[in-house]
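Line by line, the protein sequences are chains A and B.
So for the first sequence, this note's numbering puts the first residue at 5; every next one is plus one.
So for the second sequence, this note's numbering puts the first residue at 65; every next one is plus one.
Take these hints with a grain of salt, some might be off.
Listed next, with one range per pair, are the computed distances between beta-carbon atoms [unchecked claim]:
#, chain 1, residue 1, chain 2, residue 2, range
1, B, Val206, A, Met98, 18 to 24 Å
2, B, His147, A, Gln9, 33 to 39 Å
3, B, Val210, A, Val70, 46 to 52 Å
4, B, Phe127, A, Thr47, 37 to 43 Å
5, A, Leu80, B, Arg153, 46 to 52 Å
6, A, Ala163, B, Lys151, 44 to 50 Å
7, B, Val210, A, Gln9, 44 to 50 Å
8, B, Ala142, A, Leu72, 30 to 36 Å
9, A, Met98, B, Ile145, 46 to 52 Å
In silico DSS-like links for lysine-lysine, alpha-carbon gap of 30 Å or less [unchecked claim]:
#, chain 1, residue 1, chain 2, residue 2
10, B, Lys66, A, Lys51
11, A, Lys51, B, Lys213
12, B, Lys151, A, Lys82
13, B, Lys71, A, Lys51
14, B, Lys151, A, Lys51
15, B, Lys66, A, Lys45
16, B, Lys213, B, Lys151
17, A, Lys82, B, Lys126
18, A, Lys51, B, Lys148
19, A, Lys45, B, Lys214
20, B, Lys66, B, Lys213
21, B, Lys213, A, Lys45
22, B, Lys71, B, Lys151
23, B, Lys214, A, Lys51
24, A, Lys51, B, Lys88
25, A, Lys45, B, Lys71
FYI, nobody ran anything at the bench for these hints, they're computed from the structure.
Note that the Cβ used here is the ideal one computed from N, Cα and C, for glycine as well.
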Amino acid sequence: MDIYQYLPAIGTLVFGTLLGYLGQRSALCFCGGLRDFSLMKDTWLLKGLFGFIGGALIGSILFHIVGLLPLFPWILTKGVTAIPGGAAGGLGFMPNLVAALIGGFGVGFLSIIQGGCPFRNFIMAGEGNQTAIMYIIGLAVGAVIYHQWALSFIQSILA
Amino acid sequence: MKISPLKTGLIGGFSAILLEVMFKVSPPPAYGLCVACHTRDLMNWIVNNLLGTNLGMAPVSKFLPVLTVIGLLIGALAGAIIHKDFKIRRTHNLVVGFILGVLVLNFALLMGGCPIRMALRAGYGDLFGLIGLVGIAIGAVVGSEVYLKKA
Numbered sequence: 005m006d007i008y009q010y011l012p013a014i015g016t017l018v019f020g021t022l023l024g025y026l027g028q029r030s031a032l033c034f035c036g037g038l039r040d041f042s043l044m045k046d047t048w049l050l051k052g053l054f055g056f057i058g059g060a061l062i063g064s065i066l067f068h069i070v071g072l073l074p075l076f077p078w079i080l081t082k083g084v085t086a087i088p089g090g091a092a093g094g095l096g097f098m099p100n101l102v103a104a105l106i107g108g109f110g111v112g113f114l115s116i117i118q119g120g121c122p123f124r125n126f127i128m129a130g131e132g133n134q135t136a137i138m139y140i141i142g143l144a145v146g147a148v149i150y151h152q153w154a155l156s157f158i159q160s161i162l163a
Numbered sequence: 065m066k067i068s069p070l071k072t073g074l075i076g077g078f079s080a081i082l083l084e085v086m087f088k089v090s091p092p093p094a095y096g097l098c099v100a101c102h103t104r105d106l107m108n109w110i111v112n113n114l115l116g117t118n119l120g121m122a123p124v125s126k127f128l129p130v131l132t133v134i135g136l137l138i139g140a141l142a143g144a145i146i147h148k149d150f151k152i153r154r155t156h157n158l159v160v161g162f163i164l165g166v167l168v169l170n171f172a173l174l175m176g177g178c179p180i181r182m183a184l185r186a187g188y189g190d191l192f193g194l195i196g197l198v199g200i201a202i203g204a205v206v207g208s209e210v211y212l213k214k215a
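Just chain B, with the same shape it has in the complex:
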């Protein structure tokens, strides 16, 4: 049984606010969900504790890191196994995938969040959240027209 992206989006957006208000996933504000930032928090928390470094992360993750992305993997794995969608595969070159991951994380933190946090910031009333979404939209459209259409 499939679930519509609209429903998932509504639940996701509301969950993000719920996480901030009820589960104290803040500061900073509008931080209930952010795949890029929460990946950074988890990674840098681990590296700092292992190596004694002082890499940056959100204040909320100082004591224990936010575990959103672990949850995403668990939930997706469960959904894939239950509905028989799980299959080992690769869509393109692994090295390219890795490099894209490094670059996307840096661009995301430059603007202050992944697409999900920009949408969250927009819903929170932050003008720059909207501007970030415009940048994402332009990048996605250019990528679609330039890269996908010619492929």
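This is chain A alone, in the form it adopts within the complex:
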């Protein structure tokens, strides 16, 4: 048995639990931060978003220096392309721009209606919120729908 194959599952479970606890204690929510800033100019939650980017940046720089993160910074190693994962992956600048803006707008807008981003809803589900539980069930069903039908439809439009 190759221990390395288990690392991702074990690592994400451990860090997921840690971040679940911290998320519950801090009510961290990127969309909530944007909402509070927009409505009340309150920066408390918004700092969580900037903190996350800062933490990722610090980690990226450190590990790049010691040679463990060669692809960082992406824009210098891979140019103006998107890190894989989106529907427009492999396509040019404009499809990726459209996918990022429309996808982003959809996530941002709908998260306001739901009362939190996907991360926040997992925390609320852990706190006993039934609406958040239904939401994450919707996320899971949405994943099947996306890969069974939506992705090919989207790519036929973007290409």
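Put chain B on the given structure of chain A with help from the hints.
Relative to chain A, chain B alone:
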């Protein structure tokens, strides 16, 4: 005892890079944390193994799925119980919540990640991570002004 969102954000961002470098949560790059993508990986891994389908997921989840979201539920539940925050409640209609979940997952995968992965991609030096965050910000502000203010 409360923890500030800034601290949680810093720890979260650094953890995401740590997960990629030390725990091999990659490919794709910048995949250490993503609530939408990791939910998809877990769900599609289960469905594929149960039904013999071939629904897409990240390469890193082919052998065993990433378990981030299980951890989130465990951690949040533990925090809620320990600090007496646990309470069965509902904030709005359950059917609406479900539909919003389906839609958000699809929009998230369209752009290649949830808000957390877009922030991670931005920190990784991906221009489209920043653009995605701009889209999220615009959507959140419009939602706040249009939906919340009128409610």
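How the hints compare with the structure:
1. Val206(B) / Met98(A): 18 to 24 Å: holds, 23 Å
2. His147(B) / Gln9(A): 33 to 39 Å: holds, 36 Å
3. Val210(B) / Val70(A): 46 to 52 Å: holds, 47 Å
4. Phe127(B) / Thr47(A): 37 to 43 Å: holds, 42 Å
5. Leu80(A) / Arg153(B): 46 to 52 Å: Once the Cβ atoms are compared, 48 Å apart, the range 46 to 52 Å for arginine 153(B) and leucine 80(A) holds.
6. Ala163(A) / Lys151(B): 44 to 50 Å: Cβ of alanine 163(A) to Cβ of lysine 151(B): about 48 Å, so the range 44 to 50 Å holds.
7. Val210(B) / Gln9(A): 44 to 50 Å: holds, 47 Å
8. Ala142(B) / Leu72(A): 30 to 36 Å: holds, 31 Å
9. Met98(A) / Ile145(B): 46 to 52 Å: holds, 49 Å
10. Lys66(B) / Lys51(A): Roughly 15 Å separates the two Cα atoms, so the pair holds.
11. Lys51(A) / Lys213(B): Distance ~23 Å between lysine 51(A) and lysine 213(B) Cα, so the pair holds.
12. Lys151(B) / Lys82(A): violated, 48 Å
13. Lys71(B) / Lys51(A): holds, 9 Å
14. Lys151(B) / Lys51(A): Since the Cα atoms of lysine 151(B) and lysine 51(A) sit roughly 27 Å apart, the hinted pair holds (cutoff 30 Å).
15. Lys66(B) / Lys45(A): Holds, because 21 Å separates the two Cα atoms, which is no more than 30 Å.
16. Lys213(B) / Lys151(B): Measuring from Cα to Cα gives roughly 27 Å; hence the hint holds.
17. Lys82(A) / Lys126(B): holds, 25 Å
18. Lys51(A) / Lys148(B): The given pair, whose Cα atoms are some 26 Å apart, holds under the 30 Å limit.
19. Lys45(A) / Lys214(B): Satisfied, since the Cα-Cα distance of roughly 18 Å is no more than 30 Å.
20. Lys66(B) / Lys213(B): The hint holds at about 28 Å.
21. Lys213(B) / Lys45(A): holds, 14 Å
22. Lys71(B) / Lys151(B): holds, 26 Å
23. Lys214(B) / Lys51(A): Measuring from Cα to Cα gives roughly 26 Å; hence the hint holds.
24. Lys51(A) / Lys88(B): holds, 28 Å
25. Lys45(A) / Lys71(B): holds, 20 Å
Of the numbered hints given earlier, the model fails hint 12 alone.
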